[in-house]
Every structure is written in structure tokens, then in C-alpha cells.
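Construct all of the structure, not just a fragment, from the sequences and the given hints.
If you're matching positions, the sequence shown starts at 0 in the numbering used here and goes up one per residue.
By construction, these hints were calculated from the structure, which means they are not laboratory data. Wrong hints could be hidden among the right ones.
[Stated by the list, open to error] Here are the simulated distance ranges between beta carbons:
#1 Leu10 <-> His33: 31 to 37 Å
#2 Arg46 <-> Leu24: 18 to 24 Å
#3 Asp32 <-> Leu10: 30 to 36 Å
#4 Thr23 <-> Ala45: 29 to 35 Å
#5 Asn43 <-> Arg22: 21 to 27 Å
#6 Asp2 <-> Asn50: 18 to 24 Å
Cβ coordinates follow ideal geometry from the N, Cα and C atoms, glycine included.
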Amino acid sequence: MRDYLAKHAPLGRIDYVEIADARTLEALSVVQDHGLAALAVFFNEARLIDNIEL
0 MRDYLAKHAP LGRIDYVEIA DARTLEALSV VQDHGLAALA VFFNEARLID NIEL
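Right under this line is the structure:
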């Protein structure tokens, strides 16, 4: 995901990218049912935070 963001949003600076279980928020190394992608990216001084269930 970091590579995709670096290619498609080159002006952004990634703060974090995490894949977690949507129910427990435990980190996952493999996307499973009930997965959640969470990220934060800086654009200049603005920090954008978002998440989406996978």
C-alpha cells in the first residue's frame, strides 16, 4: 500500500498505514474477513486520516 500511495500521491508524506481486524483492531499480516485499512498522510501541514473496511 505504501508503494501505491508513493506512486499515486507523491506530494503526500505517509504517517502510517495499517491493516487490522475491524472488530478487535489487532494488526493483521494477511487481509482476512472483517479487515480494516487505516492510514494517515500529511499534505503540507494537513494530516488526513481515513479507514475503510475491506
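Handout entry: Violated hints - listed by number, lowest first
Key = 5
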